[in-house]
Amino acid sequence: MPLIEFQQVHKNYPLGKTIVHALQGISFDVQEGDFVTISGPSGSGKSTILNMIGCIDTASEGEVVIQGTKTSSLTDKEITELRHRTLGFIFQNFNLIPVLSVYENIEFPLLLGDGKDDPYKSWSDSEKKDWINYLIKQVGLEDYAQRRPSALSGGQRQRVAIARALATKPTIVLADEPTANLDSVTGEQIIQLMREMNQNLGTTFIFSTHDPEVLKVADHVVKIRDGMVEDDYRVVEAGA
Amino acid sequence: MTWFKLAYRNVYRQKKRSFLLAGAIAFGMLAITLLNTLTGAMATAVKTNFSSALGGHVYMTGEVVSERGYSNQLINRSDIVEQAIANLSMPVAEVKKRSSARLQLINNSKTDRLQIQGIELANEQQLFQRLVVMQGSLDDLKQPGTLALPMNKARDLQVRLGSSIMVKGETMTGQQNLLEWKVVALFRDQGGFGRSNGYTGLSTMNKMLNIPADSFQRVNLVLQDMQDMGTATNELKHSFTKLATLKPEDTDSTFGPMRMMMQGGRAYIEDPWQDTRFDVTNLDDVTQNVMSLVNGLDLVAKLIFGVMLVITLVGISNSYRMVLLERVAEIGNMRAMGAQAGNVFRLFLYEAIILAIMGIAVGLTLAIGGSLLIESITIPGDRGPARLFTVANHLPMALSLTGIVISAGLIMLMTLLAAYFPARGAANLDPAEALRSAT
Ligand SMILES: Nc1ncnc2c1ncn2[C@@H]1O[C@H](COP(=O)(O)OP(=O)(O)OP(=O)(O)O)[C@@H](O)[C@H]1O
Ligand SMILES: [Mg+2]
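For the protein sequence lines, the chains are A and B, in the order given.
Taking this note's numbering, the leading residue of the first sequence gets 1, the next gets one more, and so forth.
Taking this note's numbering, the leading residue of the second sequence gets 1001, the next gets one more, and so forth.
Each statement offered as a hint is correct.
Sample of chain A residues facing chain B (criterion: CB under 10 Å; computed from the structure):
#, residue
1, Lys-77
2, Arg-83
3, Asn-93
4, Pro-98
5, Leu-100
Derived pair list, reagent style SDA-like, types lysine to any residue, alpha-carbon separation capped at 20 Å:
#, chain 1, residue 1, chain 2, residue 2
6, A, Lys-77, B, Asn-1428
7, A, Lys-77, B, Ala-1341
8, A, Lys-128, B, Trp-1003
9, B, Lys-1005, A, Ile-97
10, B, Lys-1015, A, Leu-100
11, A, Lys-121, B, Trp-1003
12, B, Lys-1005, A, Leu-111
13, A, Lys-129, B, Thr-1002
14, B, Lys-1015, A, Pro-149
15, A, Lys-77, B, Gln-1340
16, A, Lys-70, B, Ala-1432
17, B, Lys-1015, A, Ala-151
18, A, Lys-77, B, Asn-1343
19, A, Lys-129, B, Trp-1003
20, B, Lys-1015, A, Ile-97
21, B, Lys-1005, A, Arg-147
22, A, Lys-77, B, Ala-1432
DEER-style ranges, computed between Cβ atoms:
#, chain 1, residue 1, chain 2, residue 2, range
23, B, Val-1307, A, Val-20, 49 to 57 Å
24, B, Arg-1321, A, Ser-72, 27 to 35 Å
25, A, Asp-226, B, Glu-1433, 20 to 28 Å
26, A, Tyr-134, B, Arg-1013, 28 to 36 Å
27, A, Glu-188, B, Phe-1004, 36 to 44 Å
28, B, Ala-1361, A, Gln-192, 47 to 55 Å
29, B, Leu-1417, A, Asp-226, 49 to 57 Å
30, B, Phe-1019, A, Ala-151, 17 to 25 Å
31, A, Ala-180, B, Gly-1023, 37 to 45 Å
32, A, Ala-151, B, Lys-1005, 16 to 24 Å
Honestly, the hints are just simulated from the structure, not real lab data.
We put the CB at the ideal spot given by N, CA and C, even for glycine.
Chain B extracted, bound-state conformation (with noise of 0.2 Å):
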């Protein structure tokens, strides 16, 4: 026989008042780590369709001043980047080169504009994952000339695989430059979700862009661990400052690595720099404003579990409360056979104790039980929120650990304080007083 043991048969003592308040703290428990889980599914959600849509973590963009003083996006110092990367301390799981330009498609009367990605085909394998081939190979991009297009546009554009198309658009220095390309491949269309893309290899978008073959315009680095992606960005602009110029920080930056990913800004430096200027910009700076949202949404739950902490704390205080002047004679007579206040006191905060053991492994079972069956749910829609914050049609439940620890402390934080006053009132029932109440 142990005070603990005593203590657990106490629990049981008044099986319904336990199970309510066990029940409660269950409740509490489950409450909170679905919708810590819920949030964090969500956020990373964004993060996966981000980083997939914008074919990386981490981007490094370039600036080269022209012989006319205005700012070209490009990058003619590879050898930098290089560098760059071989100075990083966490594993890059791929490197990707690319130049990219608005461009407007004609098909004799029909024509359209898009965003056309020049890839090195043999660094893109994230993108070979998340395209649907319909019709073609994107193998048929090695070829010079040859164009890549979500199915939907060639409908609207109505070319087929195989037939060619005008492609329209400026040189890096601002000139027209019209060029006929071959279309060798049809994917599923990416939908609403970001913004739909067209492939060319990079050779082939240079030369509309009308600079080295080999350049480009930015690197997009895939990292293996997502989370490393804040010391990547400054590991790279450390190198940057150091082997070349690195652009200054950007005073109004949220959308700035979005703009600068549409436009080649053109500006006319005033006092320009030598080769290449750098810019490096991760997921988080793009997603910044999203995440904000969730994180936003995250602290409304947040609240609400604090409010409905306190009504359960306030209900488990007031039982105990009760449970204390059931309890009066018990307590007296075992203050008269010699048991210390500290004792009475602690056996009290046991059965707390108890019950928020139980109240935890029951909610946490259900909140397990319950993350499991949210991400088995298929979430139709291929736009706005439905595409945002889900991956493949699902919510990427994921329970944290940590986001377990701290809500489970908590909760035993609270039901500890909501049994302590009850508990001292105990200790401190005077034995003469508690024993007469039973006569």
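Bound conformation, chain A alone (with noise of 0.2 Å):
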């Protein structure tokens, strides 16, 4: 069974009278452990499928399925819930909690969830703080875990943002054009972290970008345009 599927999703946004047609029938899988690239021009319709992953945004035809279940039929406090224990975002303007510290933010979901079937609510102390630690570290930022958003770069913070986005061991990790806020190196080495954390941690991370460098990386491209999927492939082997 794959990850995630999306059947013939439509999206339509009302705009005054008129109706934008965001999504026009998108079809493709996602299995456990991919590295996606979501990608095309501006407009095109990659938030789009990337807030219905993530349960923020509702298909008007079609289905998103995650790991067997049909989003459609679950209600807000169970999309809450799914989105907490099965999915991290990662976001293109960091949206770090600017009165926490690296430390906390990444912490911090840590925090939610009813913590019925939350794994890391039966962690000790002393577990968390490793476990937050040891997440520091993989970002590279262990000398500014005390430090607020506001005294770190833009590649940092989107560093705490992964780091975050990993707090909970979610299945999947959404991020969308986070590189998009970077120079271009920075931006290289923010999608090598998330590689890094993709081989390491077994997570699935699917991304958006319109920079075609990017997709080197990916082991499994979905192309869009205009709404529809222009073209899907996986790399075997990406990277070897």
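Need the complex rebuilt from these two chains, each delivered in its own frame; the hints are there to steer you.
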């Protein structure tokens, strides 16, 4: 069973008196452990697709199935739980909580959830601490753990966001143009970091970009144009 | 990291705004606490002053029907009084038996009228504490035929310590009586508040009234705790109903007690009773009118406070709407990470609670300081309101814990109410909309 299935997904946005057909019958699968790039020009529908996987937005037609569950059948509370348990988010403009330190930002998702199926709810305080410190080390911010986001560079902020997205050990991490606000060198480092985490932890990463350079790193590319799938291919033994 | 801690940090995020909001709350708390304490102080002063002027908290008077069918102010059953007092459930500090009359004082060509209280020296601690004796000694009132006068009366009458003075009055039954008394003490005038009194021994006064030497007209009780006043009054009434006769409720009672004290009401009684018919009143009955003034003031103060509170409430509510707008992206982000709507709602309420607690704490501290300051101010004047509303020229400020708890609770409730709708708005934000606004 694929981890994620898009089945003939349509999305229409009302815009004044007209309707924007943002997605026009999108279908593709994502397997567990994939490092997926959704690529395409501006306005092609990349954010819309990621928002649907993130259950932040709903399909107008068709189904988004995550781990065998049709997301359209879930209540707001169930969706929140699913997001919390299964998904991690990385945003283009980082979206860190400004009043929390690097450490606390990464710790924050561990505060959430009703605790029913969350593995980390049973962790001891020292286990939690070790895990957060491990993530901080993985993203190379050991010396910045107590800083507030305002005292970090964009690349450092995005590293915090990556660590935070991984805090709850989610199955899937979604990243909408994580490099858009970064210079190309830093952006490349961020993609590399995500790739390492994908390989070390087995987490499925799905990220959007319109930077063709990035495609080289991905092992699964979904190209979108005008709300339709233009291309969908896997790179065997990517990076090997 | 907890939600509460996060809320706390958020409060510090916009220092200026939080400072203003907490400041408004603090001001509200300060204003209401000071106003409460001030009106409380006025009430306490009124009661203290009346209590010392009237010589107690609970007053028992008696009427006896004379042979000719007239009512005379007299208690001729001291055994019943003693038993009624013994039956009381609360501690009594002083029991003061008194007779009194308004007498004419004559010294050669000078003449003046003065209310004279016949007192039992041994039972008048409160009076002895209050009177400032300038010449002579109140102890000398033990000797029969002696009198203590306020300084200014003595001056008007041109009498000196040790000289004698003619005293003219009426006996209980209405005959003229003229006696010669010796002035053994002069004390500082009590001044504008209440009426000036002269003092003599109980038996000396009884001689003027031509009643038995050990009888009396009224008994004033000083209770250990003034709060027991109402209960004590009811218990005494109950005892008198059982042991003797109790005067039926006076329909026009506001000035009843005052009138009873000033005149020896001598009415013809159509259907006479046995022995003494008792009446019991207390300080609350006497101070009713002044207190309604204080209460009116209190009400106006509370109304102003209410309006202020509503204005503050609107301010807080608006500020939180702004906070909500500023944090749309952040809230969407939290929701995307798995924060439930309830978490976001509570986060907002926590922030309001923290602001309220800070404001209340600061306001209360200022109020305590303010009331100490007000209490330390010496309010000059022996006359009029300055005298009525002060004790020894100071406002007796005393913070009431109940008052503080109630106003703090009210402010907290109002703050929560003000934050409620913005908080609900934040909780109901659509995460998709919220995140879109970020990009
Ligand atoms: N809330 C909305 N209301 C109306 N139209 C919308 C809304 N959100 C997206 N769209 C439209 O849907 C289409 C797809 O938008 P989407 O944001 O998914 O594109 P994108 O591929 O992420 O573009 P970019 O690379 O610029 O981020 C666009 O034409 C956009 O204008
Ligand atoms: Mg986009």
